[in-house]
Amino acid sequence: MIDLPAAFDLFADRMVRVIYFDMQRYFVAAGLFTIALLVFRSWAQRKRIQNRRAARKDYTREIASSLRTSFIFALTTFLTLALREVGLVKLKIETFTIVTVAWQLALMIVAHDAYFYWMHRALHHKRLFRATHLHHHKSRTPTPWTAYSFSSWEAVTEALFIPLFMLATSTMGFAMTGLAVFLFLWHMIVRNVIGHLGVELYPAGWVDNRWVGWWNTTTHHDLHHSSGNTNFGLYFTWWDRWMGTEHPRYREEFRKVTARTRKAMREGERKPEGGTAPA
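Counting in this note's numbering, the sequence shown runs from 28 upward without gaps.
Hints are supplied without guarantee of correctness; some may be wrong.
[As the list claims (entries may be wrong)] Between beta-carbon pairs, the in silico distance windows are:
id, residue 1, residue 2, range
1, Asn236, Leu194, 34 to 44 Å
2, Asn78, Gly200, 27 to 37 Å
3, Arg68, Val113, 49 to 59 Å
4, Arg68, Met199, 44 to 54 Å
5, Ala129, Arg79, 24 to 34 Å
6, Ala138, Pro275, 22 to 32 Å
7, Asn78, Trp180, 13 to 23 Å
8, Leu187, Phe48, 12 to 22 Å
9, Gly200, Ala149, 24 to 34 Å
Everything labelled a hint here was simulated from the structure, so no lab data went into it.
For glycine and all other residues, C-beta sits at the position ideal for the given N, C-alpha and C.
Construct the complete structure from the given sequences, taking the supplied hints into account.
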């Protein structure tokens, strides 16, 4: 017979641990980047993508909805652990090699990028957008805190990737390593925060370099927030290029942002107000 009080205590303890881990990742990543933007304020001002600024109410909404998202993410993490307990998901915790961790991490990142692109495009369908994705797009000018600012429905679709991926790999006969999944989760939140910084981190020439030009930049995702139905990719630009959904002025806007100098910024500050924000 199942000891219900003991089972509930175990469930509650694990849920608290998982929720703490998800919230910790969000606050550490968003918090550290926010501090960095404040410390290097002059540099950040030169690399700011939009003239428009997020308001206090935007930050409040983003953090509040991100707490809800963290709870939903925790539920799916708990679901994945439960699937492991019943033998449907294979997960190695102790024995693995660095090579195994490396290729599994790369596989997970590439798979998540593909999943995110098509899920993201689906949420932009006119019949789904208002109920699922509109909440995220209330952040027209993204901030580091926008990263987890989702509606409950979108949070579920975002979170389902891990249990679905783990079920798929287990069905194919190989076990993911715990370290690869752990590193993926940190990679996901860090790249997500970078995509919503509102400030371009990558150096001039990045988008024109054939070796790294496929790696997503902050400008790439910022244009998605300011213009709508373009730039759906998360980590890479592959899918947007293949599907013809990349913003036509992406490279032009990136070059414009990264070419700014202190002198140009000082001259811009002396000009009369009335300029418009970039598209």
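Verification of the supplied hints:
no. : hint                         : result
1   : Asn236 to Leu194: 34 to 44 Å : holds (37 Å)
2   : Asn78 to Gly200: 27 to 37 Å  : violated (53 Å)
3   : Arg68 to Val113: 49 to 59 Å  : holds (52 Å)
4   : Arg68 to Met199: 44 to 54 Å  : holds (49 Å)
5   : Ala129 to Arg79: 24 to 34 Å  : violated (40 Å)
6   : Ala138 to Pro275: 22 to 32 Å : holds (28 Å)
7   : Asn78 to Trp180: 13 to 23 Å  : violated (32 Å)
8   : Leu187 to Phe48: 12 to 22 Å  : holds (18 Å)
9   : Gly200 to Ala149: 24 to 34 Å : holds (30 Å)
Violation of the numbered hints given earlier is confined to hints 2, 5, 7; the remaining hints are satisfied by the structure.
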